[in-house]
Amino acid sequence: MMRRSAPGLGPTGRFFGPGELRLAILALVAEQPAHGYQVMSRLGERFNGMYEPSAGSVYPTLQLLEDEGLVRVEAEDGRKVHHVTDEGARVVSEQADAIEAIWSRASSRGEWGMFRDPDAAEIIGPALRLVKAAVKTLAKSHGDPRVVEEIQAIFVDARRRIEDLRTGRR
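Using the working numbering, you'd call the opening residue of the sequence shown number 1 and step up by one each time.
No wet-lab data here; the hints were simulated from the structure.
A few of these clues could be false.
In the SDA-like style, the derived pairs of lysine to any residue whose C-alpha atoms are separated by at most 25 angstroms in a straight line are [as the list claims (entries may be wrong)]:
1) K132 <-> R160
2) K136 <-> F155
3) K140 <-> E150
4) K132 <-> R159
5) K80 <-> Q32
6) K132 <-> L165
7) K80 <-> G56
8) K132 <-> P145
9) K136 <-> I123
10) K80 <-> P60
11) K80 <-> Y37
12) K80 <-> G44
13) K80 <-> D97
14) K140 <-> I151
15) K80 <-> S104
16) K140 <-> E122
17) K132 <-> I102
18) K136 <-> G125
19) K132 <-> A153
20) K136 <-> P126
21) K136 <-> L165
22) K80 <-> K140
23) K80 <-> S54
Per label pair, the in silico range of CB-to-CB distance [unchecked claim]:
24) G125 <-> Q152: 20 to 26 angstroms
25) K80 <-> G19: 18 to 24 angstroms
26) V148 <-> H83: 54 to 60 angstroms
27) D164 <-> G143: 26 to 32 angstroms
28) H83 <-> R129: 51 to 57 angstroms
29) S141 <-> R161: 21 to 27 angstroms
30) E100 <-> R129: 36 to 42 angstroms
31) P145 <-> A101: 35 to 41 angstroms
32) R160 <-> G44: 14 to 20 angstroms
33) D164 <-> E31: 37 to 43 angstroms
34) A153 <-> Q38: 47 to 53 angstroms
Just so you know, even glycine gets a beta-carbon here, dropped at the ideal spot from N, CA and C.
All chains should be built: construct the whole structure from the sequences, respecting the hints.
Given below as structure tokens:
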């Protein structure tokens, strides 16, 4: 039986599938040389704070990339700065689609970062209760198309009214 993962997660149910963290870090170094902390920060930024890489995963991965000859290390201001090698650049080029898929998942996961904002807590409960009421109503109607249309219309109207608040239109 194949295990299905949640949207925004890798094939194992974790964000990164096998080898993907290695590829993501290599891609970041190929974009711009960096020391370990910079790699961690840039990786976290890709997720809008929804994923915080640990030193325990980033530094060993950087060492692996160096051992594989995909990055080289140069001392700069007392720090080990990682630079992509020609071989590393070739791997990034060959794996461009896989890297794009990782960044796409990061982007979609990062969109949910707004829910960590303390101000969001004020509306999350009521929003979830609204969705629950809609689902219960739909279930009781046994999927009646008129009920589905009415619920959709309510959600569309509510979204429009909320977006009008954001843009200042009323």
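Here is what the structure says about each hint:
| no. | hint | in the structure |
| --- | --- | --- |
| 1 | K132 <-> R160 | 20 angstroms, holds |
| 2 | K136 <-> F155 | 15 angstroms, holds |
| 3 | K140 <-> E150 | 14 angstroms, holds |
| 4 | K132 <-> R159 | 17 angstroms, holds |
| 5 | K80 <-> Q32 | 14 angstroms, holds |
| 6 | K132 <-> L165 | 24 angstroms, holds |
| 7 | K80 <-> G56 | 16 angstroms, holds |
| 8 | K132 <-> P145 | 18 angstroms, holds |
| 9 | K136 <-> I123 | 20 angstroms, holds |
| 10 | K80 <-> P60 | 13 angstroms, holds |
| 11 | K80 <-> Y37 | 10 angstroms, holds |
| 12 | K80 <-> G44 | 20 angstroms, holds |
| 13 | K80 <-> D97 | 29 angstroms, violated |
| 14 | K140 <-> I151 | 13 angstroms, holds |
| 15 | K80 <-> S104 | 29 angstroms, violated |
| 16 | K140 <-> E122 | 29 angstroms, violated |
| 17 | K132 <-> I102 | 32 angstroms, violated |
| 18 | K136 <-> G125 | 16 angstroms, holds |
| 19 | K132 <-> A153 | 16 angstroms, holds |
| 20 | K136 <-> P126 | 15 angstroms, holds |
| 21 | K136 <-> L165 | 28 angstroms, violated |
| 22 | K80 <-> K140 | 62 angstroms, violated |
| 23 | K80 <-> S54 | 17 angstroms, holds |
| 24 | G125 <-> Q152: 20 to 26 angstroms | 23 angstroms, holds |
| 25 | K80 <-> G19: 18 to 24 angstroms | 23 angstroms, holds |
| 26 | V148 <-> H83: 54 to 60 angstroms | 56 angstroms, holds |
| 27 | D164 <-> G143: 26 to 32 angstroms | 31 angstroms, holds |
| 28 | H83 <-> R129: 51 to 57 angstroms | 52 angstroms, holds |
| 29 | S141 <-> R161: 21 to 27 angstroms | 24 angstroms, holds |
| 30 | E100 <-> R129: 36 to 42 angstroms | 38 angstroms, holds |
| 31 | P145 <-> A101: 35 to 41 angstroms | 36 angstroms, holds |
| 32 | R160 <-> G44: 14 to 20 angstroms | 34 angstroms, violated |
| 33 | D164 <-> E31: 37 to 43 angstroms | 38 angstroms, holds |
| 34 | A153 <-> Q38: 47 to 53 angstroms | 49 angstroms, holds |
In the structure shown, a violation is registered for the earlier hints numbered 13, 15, 16, 17, 21, 22, 32, in ascending order.
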